Amino acid sequence: MARYIFSRVGQALLVLWAAFTISFVLLQAMPGDAVLIKFQNPEYGLNAVQIAEIRAAYDADGSVVLQYVHTIGNFLTGDFGYSLQAGVAVSAQLAANLPSTIRLAGLAFAAAALLAVIIAVLSNLPGLGRLRSFIQSLPSLFVSIPTFWLGIMLIQIFSFRLRLVPVINPGEWEGLILPVLTIALPVSAPMAQILLRNIDEVLTRPFVSVARAKGASHTFVLWRHVAKNALLPVLTVAGVLFGELLAGAVITETVFGLNGIGSLAEQAVNFQDVAVLQAIVVISAAAFVTINLAVDLLYPVLDPRLKAKLGGVA
Amino acid sequence: MTILDTAERHRNIDSPNPLDWISPAPAAEEAVGAPAKVRAKPILIQPGLVLAYIILAVALLWAVAPGLFTSYDPVQGLPGQQLKAPSALHFLGTDALGRDLYTRLVYGALHSLSGAVAAVAIGLLVGTALGVIAGSVGGWIDEVIMRLVDVLLSIPVLLLSLSIIILLGFGTVNAAIAVGFTSIASFARLVRSEVVSVRRSEYVEAAFGSGGTFFKVLWRHVLPNSLTSVIAFTALQVGSAILQLSTLGFLGYGAPPPTPEWGLLIAEGRNYIATAWWLTAAPGVVVVLVVLAVNRVSQAIGRAQQ
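Protein chains in written order, with this note's numbering: chain S, 5 to 318; chain A, 14 to 319.
Calculated directly from the structure, the hints in this document are not laboratory data. Note that this is a predicted model, so its numbers are computed, not measured. One or more of the hints may lead you astray.
[Claimed, not checked] Label pairs and their computed distance ranges (CB to CB):
1) S:Arg136 <-> A:Leu73: 26 to 36 Å
2) A:Phe104 <-> S:Pro210: 50 to 60 Å
3) A:Tyr66 <-> S:Leu302: 36 to 46 Å
4) S:Thr294 <-> A:Glu156: 19 to 29 Å
5) A:Val298 <-> S:Ile172: 52 to 62 Å
6) S:Ile172 <-> A:Asp86: 52 to 62 Å
7) S:Leu135 <-> A:Asn284: 33 to 43 Å
8) S:Leu132 <-> A:Gly222: 29 to 39 Å
9) S:Leu236 <-> A:Ala219: 36 to 46 Å
10) A:Ala70 <-> S:Phe138: 49 to 59 Å
11) A:Tyr66 <-> S:Arg134: 15 to 25 Å
12) A:Thr288 <-> S:Gly14: 55 to 65 Å
13) A:Gly184 <-> S:Thr294: 50 to 60 Å
14) A:Phe104 <-> S:Ala93: 50 to 60 Å
[What the hints assert, rightly or not] Covered by chain A, according to a simulated footprint, are these stretches of chain S (three or more residues, beta-carbon under 8 Å):
15) 78 to 92
16) 123 to 129
17) 223 to 229
18) 251 to 265
19) 272 to 278
20) 284 to 295
[As the list claims (entries may be wrong)] Calculated Cβ distances over 12 Å to all of chain S for the following chain A residues:
21) Tyr66
22) Ala134
23) Val150
24) Asp163
25) Leu173
26) Arg212
27) Glu218
28) Ala220
29) Lys229
30) Leu240
31) Phe263
32) Trp275
33) Ala287
34) Gln312
Positions of the beta carbon are idealized from the N, C-alpha and C atoms, including for glycine.
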């Protein structure tokens, strides 16, 4: 077991290191770095010597290898460089914006899970007929809707037409209702899809027939025997759902004008603020890797069948 | 490999893209002995599929011959016709510059669809090449390529495409490259797993046994047999690419304005959401319909192959 944990942690660290390196190569090592782009602008009226001095101040003039070593050392100590646009440390920007994005994404995740369970439960109610296939096709509809358009439409319907949620100066929580819904809908789709597929699969297992033969009702079988078995595999896509949540945050924060990591990323692209984007890319890769690692390590604890298998291996 | 092999069975996921998950269920379903699903229904009894083909045909015709569908100009506005509500003359209304929205949607098909096809072509070509190399050569090359794929998959798709955009700059072509880049990893992983399983089959062994060279066997037997399941996945990726491109277009990273790209149309209409909601609603509905149609067709291809 210890060896398994050790190798999985090692693998995760390797992926993380490679993600950092790729993002570094993509974003930092290219000719015409961000410092040059910003200060070459004639508006600043700087001459070549002054630009060289600024580049030296930003550590942008060393060799690529030197910069790489320098940057990786800084990242390890939590120093993500300076935002050229805002003129403050990237770590300060992240610290200021992270809480609101985590709150938004957390609420959206809860809403998505609820929605997915509702879809799964509804489509397994007996006697639905046509309605059942409609409910089952909802996830494929949800993933076909552009998230940004969904957000705009929700504002249009709930704020402008029905006047249920104010868009101008909403309360702190009121303002989160539509953004959370906007992210939750596409995130719920994969969860619901996996739940539906798993429920169908578990229903064909022998132990379900046994339970039925003993006289259990359909509802009882679903809650008592199927639910637990169908829910667990959703964990395996946790990392992917995280990516979906993050993408949702980028788009909804832009559409709804909220502050957060998402709008920070959008602004970074607009102003070619490479340091900010790289920090966000590396941190989200770290989060993805951590989530997958946690799932891999937790799964055998939650699923005794795997634990037994692992015990045999180790 | 890892204990997650059992869990792997439950997921049909090789990519961070949720659209990919709706791909045809893995063979596990049959293995369990589930009652055979209704497959390959005659086309007439599948109204959804017929509808999907019709939508795609219309969208393609829009892209190929927009002049057949409308007589207005997509870029030049009509004076005095600003922000008109839908009517017989402009049946989806006009925008703030007096341009007919329906016309802009028709002409936009070319930008949105060709961008998506180009993006998927990049992912398909590079991803397939990497997957075939990894799967057929094996050894440390396989190891390196697949770790690289793991890394690419660990970065959320949108952030990866934003990284490419910040590197290459804005524009139609760059947006397509960015979207294509994000699908390389999923293609590579899928193709590799197919190649590995085909390589183990007896007919490949027989081909080697009867004196086939490595490349000849690869070209004649392994490649064609590995690519069948890639077709359905490719179709699925087109739908996802349309969505991603419209997102980049909406954020302003794709084609510059007056281009009638669908995502950009939504972004432009957004400023008039309170007074002219159809400017935002109509392009979105078109995107949803086309993506749904592409996904439906991809699903049908996947079922037909099983």
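These are the hints, each one checked on the structure:
1. At about 33 Å, the beta-carbon gap between S:Arg136 and A:Leu73 stays in the expected band of 26 to 36 Å.
2. Taking 50 to 60 Å as the suggested C-beta distance range, the pair A:Phe104 and S:Pro210 conforms, at roughly 58 Å.
3. Checked against the given bound of 36 to 46 Å, the beta carbons of A:Tyr66 and S:Leu302, roughly 45 Å apart, stay inside it.
4. Look at S:Thr294 against A:Glu156: about 23 Å separates their beta carbons, and that is inside 19 to 29 Å.
5. Our hint of 52 to 62 Å for A:Val298 and S:Ile172 is violated, since their Cβ atoms are close to 27 Å apart.
6. Distance hint check: the CB atoms of S:Ile172 and A:Asp86 are about 37 Å apart, inconsistent with the given range 52 to 62 Å.
7. Range check, S:Leu135 to A:Asn284: Cβ separation about 39 Å, and the 33 to 43 Å hint holds.
8. Taken as a hint, the range 29 to 39 Å is violated for the pair S:Leu132 and A:Gly222, whose Cβ atoms sit roughly 56 Å apart.
9. For the pair S:Leu236 and A:Ala219, the supplied restraint of 36 to 46 Å holds, since their beta-carbon distance comes to about 42 Å.
10. Distance hint check for A:Ala70 and S:Phe138: the Cβ-Cβ separation is about 25 Å, which falls outside the suggested range of 49 to 59 Å.
11. A hinted range of 15 to 25 Å holds for the C-beta pair A:Tyr66 and S:Arg134, which are about 23 Å apart.
12. Our hint of 55 to 65 Å for A:Thr288 and S:Gly14 holds, since their Cβ atoms are close to 59 Å apart.
13. Evaluation of the 50 to 60 Å hint for A:Gly184 and S:Thr294 yields a failure: the beta carbon distance comes to about 35 Å.
14. A:Phe104 and S:Ala93 have their C-beta atoms about 54 Å apart, which keeps the hinted 50 to 60 Å range intact.
15. Counting residues of the segment 78 to 92 of chain S whose C-beta lies closer than 8 Å to any C-beta of chain A gives 0; at least three are required, and the coverage claim is violated.
16. As drawn, the segment 123 to 129 of chain S meets chain A at 0 residues by the rule of a beta-carbon pair under 8 Å; below three, the given contact is violated.
17. Counting residues of the segment 223 to 229 of chain S whose CB falls under 8 Å from any CB of chain A gives 0; the rule of at least 3 is not met.
18. Three residues within the 8 Å Cβ limit are the bar, and the segment 251 to 265 of chain S against chain A gives 4, so the coverage statement holds.
19. A count of 5 residues in the segment 272 to 278 of chain S with a Cβ less than 8 Å from any Cβ of chain A is obtained; the coverage claim is therefore met, three being the minimum.
20. For the segment 284 to 295 of chain S, the proposed coverage by chain A is satisfied: 6 residues have a C-beta within less than 8 Å of a C-beta in that chain, meeting the threshold of three.
21. Annotated as non-interface, A:Tyr66 keeps its C-beta farther than 12 Å from every C-beta of chain S; the closest such distance is 16 Å.
22. With a minimum CB-CB distance of about 21 Å to chain S, A:Ala134 clears the 12 Å threshold, and the non-interface call stands.
23. Every beta carbon of chain S lies more than 12 Å from that of A:Val150, the smallest distance being close to 20 Å; the non-interface claim holds.
24. Under the 12 Å C-beta cut-off, the non-interface status given to A:Asp163 relative to chain S is violated; the minimum distance is some 5 Å.
25. Non-interface status of A:Leu173 relative to chain S is broken: a Cβ of that chain comes within 12 Å, the nearest being about 8 Å off.
26. Consistency note on A:Arg212: stated as away from chain S, and its beta-carbon is indeed over 12 Å from all of that chain's, at 25 Å minimum.
27. With a closest Cβ-Cβ approach of about 30 Å to chain S, A:Glu218 is found to remain outside the 12 Å limit, as its non-interface label requires.
28. With a closest Cβ-Cβ approach of about 35 Å to chain S, A:Ala220 is found to remain outside the 12 Å limit, as its non-interface label requires.
29. Every beta carbon of chain S lies more than 12 Å from that of A:Lys229, the smallest distance being close to 35 Å; the non-interface claim holds.
30. No Cβ of chain S approaches the Cβ of A:Leu240 within 12 Å, the least distance being about 25 Å, so the stated non-interface status holds.
31. Taking the minimum C-beta to C-beta distance to chain S, about 5 Å, the non-interface status of A:Phe263 is violated against the 12 Å cut.
32. Some Cβ of chain S comes within 12 Å of the Cβ of A:Trp275; the nearest lies about 9 Å off, and the non-interface call is violated.
33. Interface exclusion of A:Ala287 from chain S breaks down, the closest Cβ pair being 5 Å apart, not more than 12 Å.
34. Look at A:Gln312: its CB is around 8 Å from the nearest CB on chain S, not clear of 12 Å, so calling it non-interface is violated.
Of the numbered hints stated above, those contradicted by the structure are hints 5, 6, 8, 10, 13, 15, 16, 17, 24, 25, 31, 32, 33, 34, listed in ascending order.
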